[in-house]
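Undergrad: Taken in order, these protein sequences are the chains called A and B.
Under numbering that gives the first Met the number 0, residues 0 to 607 are what the first sequence spells out, in order.
Under numbering that gives the first Met the number 0, residues 0 to 134 are what the second sequence spells out, in order.
Honestly, the hints are just simulated from the structure, not real lab data.
C-beta atoms are modelled at their ideal positions from N, C-alpha and C, and glycine is treated no differently.
Some hints here could point you the wrong way.
Unchecked claim - Label pairs and their computed distance ranges (CB to CB):
id, chain 1, residue 1, chain 2, residue 2, range
1, A, Arg-404, B, Ala-129, 35 to 41 Å
2, A, Thr-316, B, Asp-35, 34 to 40 Å
3, A, Phe-6, B, Gln-63, 29 to 35 Å
4, B, Ala-21, A, Ala-325, 32 to 38 Å
5, A, Gln-304, B, Asp-35, 22 to 28 Å
6, B, Ala-129, A, Gly-227, 22 to 28 Å
7, A, Arg-206, B, Lys-1, 52 to 58 Å
8, B, Gln-15, A, Thr-316, 38 to 44 Å
9, A, Ala-393, B, Ala-21, 21 to 27 Å
10, B, Ala-21, A, Met-306, 43 to 49 Å
Claimed, not checked - Coverage of chain B stretches by chain A, computed from C-beta distances (three or more under 8 Å per stretch; other residues unrestricted):
id, stretch
11, 42 to 48
12, 53 to 63
13, 95 to 105
14, 121 to 128
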Amino acid sequence: MYQYTEFDRQFVKARASQYRDQLTRWQAGQLPEDEFRPLRLQNGWYVQRYAPMLRVAVPYGELSSAQLRVLAKIAREYDQPSAALLEDAQATQDKLGAIPLKNGQSVHSKLTTGYAHFTTRQNVQYNWIPLDKSADVMDLLASVNMHGIQTSGNCIRNITSDERAGIAVDEIADPRPFGEIMRQWSTLHPEFSFLPRKFKIAISGAREDRAAIGWHDVGLQLLRNAEGELGFKVLVGGGMGRTPIIGTVIREFLPWNQIMNYLEAVVRVYNRYGRRDNIYKARIKILVKAEGQRYIDDVEAEYKQIMEHDGGPHTITQAEYDRVAACFVAPTLDCDRKEADAKIAHILRAAAEDDVEFGRWLQQNVAPHQNPDLRAVTLSFKRLGQAPGDATAAQLDVAADLAERFSAGEVRVTHEQNLLLPWVRCDELPELWRAARKAGFAKPNIKLLTDMIACPGGDFCSLANARSIPIAEAITERYQDLDELHDLGEIDLHISGCINSCGHHHSGHIGILGVDKDGKEWYQVSLGGSDGSTLSGPAVPGKAVGPSFSAAEVPEVIEAVLETYRQQREAGETFIATLRRVGAEPFKAAANGARFSAARAETAETAA
Amino acid sequence: MKLLAASEHSTGATGQNVIELANDADPFQVSLEGVDRIDLNFPKFTDGRAFSQAFLLRRRLGFQGEIRATGDVLVDQLAQMERSGFDVAVLRADQDLGVAQRVLAAYPGYGVGKYQGDAIDIQPHFVTAATSSAT
């Protein structure tokens, strides 16, 4: 992991003190709300439906055990609303009603406290910290070199990357040193702190895109040219929201050491010409789409000026690259592979139940590693009873212990809202499996239907049109049978509570979008989206199947769509492959057909 | 950076050759010949276009005169202004000069933690840190 220098530590502490001063002025009435808002936002503090929300930056998703323990402490001691606030919030959520399930049960909002939430951009969020405690939390975070700087606001946000950075078998170059160098460059950039809109960068260093780079304002792909030199392919203008657009390649190859000089040009042209008259047209994707080649020409002209006139001041020196890259040297670990194979075989032979579950866990939750003695293991935070990506204080502490015991004290927050242990010795897989199972992290559902992405939605977010978490729960409840789940295979199900698309519904094979009709919760279902991974194919937004559905209809629609897949698939064919081969029509017909059965059920219930 | 109260700011009869530039104007289209002062405007403090204008005027066009920040100029953005090339800021009428000076001095990325090069000091921290540790 990157090791903070004294300079870095002083900076984070100074930022925490600055925030305390701003908070104090706001509390004293010297700083009006409208002027405090952008300042707290640029430190990660939102105000949501019932309480403030804090987003903590996790650069490229990497966390140490010590940092996890501080996140646990914050969850335990600070993510605690007053009893009256919680009671009031729960009562308000209760009015939204329950979602009836086919099995006669129902799901409803259950607000919980004392936990952290993993986001699709590899960050960590809290939902209940009172604003008057916010400066104390910033000090606590600073004690382990953490902060919420630029996790919100119209600035360059936390830079995300591949959860398998530095360990992936298909890696061209480790993206983390570049992520870190760019993080430092973008931190409190004086010229780029008030852009037209938020600005998100993702960087991938592997052949497979596991960072959804096409969906970002800037997507960077490390690659080697014909001469074997390292550089970046640069995509600009991707994004979700109400206008989903995949980024345009504006540079096929940029030498690695020029990335910041080039980004300076990309962002400066955007800062000057991006729209500021309409918040929905302010992202860079709209500028790139409207200007096309002219935007690209402007960026190239500005880049030329930065290089020739300014002298390319942010050219990464070999010394700086080496300094930062030295922080990411792999821990020295090895194991007796023969013994590991024997141990694994022993467990597989042991009990019939274990046999199936351990085998499935090895298949879904364990990934290969650059070091043949090691594995990358995903801890699943997708299980019944907790919202996708939520972890209680106790669970965060256990995850910190597991990281320490099995993964050189390091975890990664994944884009799919789980935790990944990057340095697991293959001979310790059985022990890790037992420990993870005991902790409830060993659900062998990684990449399967129930490993869904969901935003906090209408239970927490003030922007949401509808709830996401109860929908996620209803589908999770329906698909508890692991045999069925494994038979359905790898499927990306993404749920957003509104068009802002934090739950990435556009990129789901199946996407669910909350919409508001006459003050009631409705859901649009889309099919065929892709995040850009190998399984999903080139990044593309999904297409809606038709008018929106009621909450009760959604699980029925999902079931109908999946049943269509089962009928149409060829041997070994995934859901998305079948959908691409046969086209959306039969799936759409099935989805729209499910409308009636659910409507009948609802009528029956009302009559009863 | 020189801080002015709103009352100390005047656009006419200063004896200076002053131009006022709207924040969507292109600095490259302006003749800087004989200009003493350029006033750049922040219609809202969250509209950051004037930061880029100041950078281009100071760094790219080499303008040596005064670059003055006007409009919605608040104490919490002064450090960003100075680093982008402004050397004078006219505080919005309700802003406190004392608070402004204190906040400016303590601003991260100004005194402490300046990572990237800017209009005034073009070198990023990693270059200066390497040079100072080498000597």
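Undergrad: Does the beta carbon distance between Ala-21/B and Ala-325/A stay inside 32 to 38 Å, or does it fall outside?
TA: violated, 48 Å
Undergrad: At a Cβ distance under 8 Å, does chain A reach at least three residues of the stretch 95 to 105 of chain B?
TA: holds (count 4)
Undergrad: Check the following: the C-beta atoms of Arg-206/A and Lys-1/B are separated by a distance inside 52 to 58 Å.
TA: holds, 55 Å
Undergrad: Taking 8 Å as the C-beta cutoff, is the stated coverage of the stretch 42 to 48 of chain B by chain A satisfied by three or more residues?
TA: holds (count 5)
Undergrad: Return holds or violated for the Cβ distance of Gln-15/B and Thr-316/A against the range 38 to 44 Å.
TA: Because 42 Å falls inside the window, the suggested range holds.
Undergrad: Check, residue by residue, whether the stretch 121 to 128 of chain B contains three or more positions whose beta-carbon lies closer than 8 Å to a beta-carbon of chain A, and give the verdict.
TA: holds (count 7)
Undergrad: Should the hint that Ala-129/B and Gly-227/A are 22 to 28 Å apart at their CB atoms be regarded as holding?
TA: Cβ of Ala-129/B to Cβ of Gly-227/A: about 27 Å, so the range 22 to 28 Å holds.
Undergrad: Measuring from beta carbon to beta carbon, are Ala-21/B and Met-306/A in 43 to 49 Å?
TA: violated, 29 Å
Undergrad: At the C-beta level, are Gln-304/A and Asp-35/B separated by a distance inside 22 to 28 Å?
TA: Once the Cβ atoms are compared, 25 Å apart, the range 22 to 28 Å for Asp-35/B and Gln-304/A holds.
Undergrad: Is it true that Arg-404/A and Ala-129/B lie within 35 to 41 Å of each other by Cβ?
TA: holds, 38 Å
Undergrad: Taking the beta carbons of Ala-393/A and Ala-21/B, is their distance inside 21 to 27 Å?
TA: Check failed, 57 Å falls outside 21 to 27 Å.
Undergrad: Within 34 to 40 Å: is that where the Cβ-Cβ distance between Thr-316/A and Asp-35/B falls?
TA: Given about 39 Å between the Cβ atoms, the range holds.
When held up to the earlier numbered hints, the structure conflicts with 4, 9, 10 and fits the remainder.
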